[in-house]
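Student: One letter stands for each residue in the lines below.
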Amino acid sequence: MKKLASPFVAAVLLLSSLPAWAAKPLLIVATVPELADIAARIGGERVRVESLAKGKEDIHQVVMRPSFVAKLNKADAAVYLGLSIEDSFLTGLLAASANPALRSDPIMQCSGPGCIDCSQGMSVLERPETLNRAEGDIHPQGNPHYNLDPESGARIARNIASGLSRIDPANAALYEKGLKEYLSELEPKVRELKARAAPLKGVKAVSYHKDVAYLGRFTGLDFIATVELKPGVAPTPTHLASLVAVMKEQGVRLIVREQQYEAKTVDWLAERTGAKVAVIGTMSGSLPGTRTYLGLCEANLKALLAAAGKE
Amino acid sequence: MLSLSTALLMVTLPCLAHAQDTVPPDADELKALEERVTRLETAPAKTFLSQFNPAMGLALDFALLDRDDKADFQFRAAEINLEASVDPFVKGWAIVNGSEGGVEVEEAALETTSLPWNLTVRGGRLFASFGRFPHYHGHELPVIETPNSIDTFVNGESRGEGLEVSYLFPTDFYLSATAGVFDQIGAENDRLDIAVARPFEDFTYLGRLNAGADLGDDHSLELGISEAWTPKRTMVEDATVTGSPFATATRKGTWRALTGLDLTYRYHPSSGGLYKGVVWGTEVFVNNEQRFDPATRLPTDRVRAFSGYSYAWIKLGRRWRPGLMGDLTEDLDSARKLTKTYTAFLSCDVTEYQRLRLSFSRREDNVPGTLVSNTIGLQWTGVLGYHVHGFRDR
Ligand SMILES: [Zn+2]
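In order, the protein sequence lines correspond to chains W and D. Counting in the working numbering, the first sequence runs from 1 upward without gaps. Counting in the working numbering, the second sequence runs from 1 upward without gaps.
Treat the hints as calculated values from the structure; they're not laboratory data.
27 Å max Cα-Cα, derived BS3-like pairs, lysine-lysine: (1) W:210 - D:276; (2) W:230 - D:276; (3) D:315 - W:54.
Bound-form chain W, shown alone (with noise of 0.2 Å):
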């Protein structure tokens, strides 16, 4: 009997493990590059990664493009942030995108098997305790700008791992081995970069779309007030005059300008209190370096000790 099961086995074995290596790499394409970056680091050989935006563009506004549709239709898994903060291109493009394991829908935007939410099990920050859009209209599930926290990562990195294992369980020891080289990368780094950040706590700063919750409780960085009116809404005269007395009544020194928000506004508010402006990325790929997830972490703690003067 042992005799024979043993070739048995190895025959077993050796054929289930065959479609681990024999198989085309699985099509993944994430939201933002960071995503991406992110998922290509678990993933290794066993997946092909894309993402849909570049870097450059406001993550509330990005345009549906045709190849987008395309990339979708072949996708095996979606990679996204989450919290509705993809609403305006992703749903739209999964109804249009023919694929059953990426379904559209109208309250979770992604339902089915290949759908990758990043945003679960995070933490998140300034969940509104109603919804009206007198408060401005792109936050509803609360903040979902939790990838400017560098120490969201780990968080951002598990969900993947166990996404691809899900839709790739043969190879589910791959994904995990990937998941502990990235983190055994990432959280030294994170742990460096937040003992760098020290010297930016309490710092009192001013940023142009409510985006940096996650950045701020990272850094220690005070954020009081965003030169939009709303999170959406652009600013208006009287509540651009307002921030200036509020800025120096509390001696405020540091403008933090998301690269995709026009500086004309930001350097006339910057010239009248005197304040300094850090231009940071909201996405990898936005500015030089930012290629990578933890390159965007690094780059733009760097904006703000040098604009805060604390180098």
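Chain W is already provided as a structure; the job is to place chain D with the ligand on it using the hints.
Tutor: Using the frame of chain W, we list chain D with the ligand on its own:
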């Protein structure tokens, strides 16, 4: 069974114990923590009967139009949009529009979400995939009034009752083919009573091919060709006038073929900052048909007529979008009767959900003699609640 609170305590305890520079919590603190966790664990789930209600949105659209010094406040739309997944296989939506013309169901349709082989089927009352602007809802157009060519050739929006099947080609660029069958197409098409049964040759058959490709990072081009073919038409005869001994409905040797060609170019710099872009769109319609002449009781000679529009708008920043549109429309029965409409418009997106628009149109009808009319329009549009931008109608 391990309760959540105990499990949580078991997890947090070692962490707390190992944490450096922190005093271990005393029994009271732990008890308080356990109470809080128990409260959370036993709290009733927030469910209510309307949990599965569809997403709902309401679009409001008003305009003041001044045509040759006669003005009118137009209540154009209070358009309720309901949408949700029905089950894992199908989603459904209804769009009910109230306007000064009354209340109408504009769309009420089901669409598959999980068919294999890149297929999608939609059916019900819907805006058929004919052309580009014909399936836009009024408030989504770049101009206040529907282009004359669409009003004349498609009879308003491409609304129809029927069924459509789309196939998305597995190509690297966007390519989709749609085939459909409808009672008839055109929201204001009153050639037939849509509530009356008819032979299949009286239906309108639709075909559309739509391709789109990125040209580099910043540009894209989209091309579509559509055909709406009605093989035969049932004419409702008034027996007292024609004296026909036959039934009131007689099929005659009549047919209609409406062809649409659309081209859209978009420039959206991905690196040029926010909210900048140019869109240029052109659509041409060709109508070929053989009608029925009640006087001779014979099919008329075949008539062919052309129409179309071309427009461009520029997005200057977060708010402002100026643009121009020109429209040429031949009369369906007499190609010598030509109407030209020129429109200049300026939109201001106050926010994502509120828009103001000012427009000036000049319309010239060439027969009999040249008739000119000028229209100044001011439009105010707002969207409440759920609103999603589809890929087809973007
Ligand atoms: Zn935001």
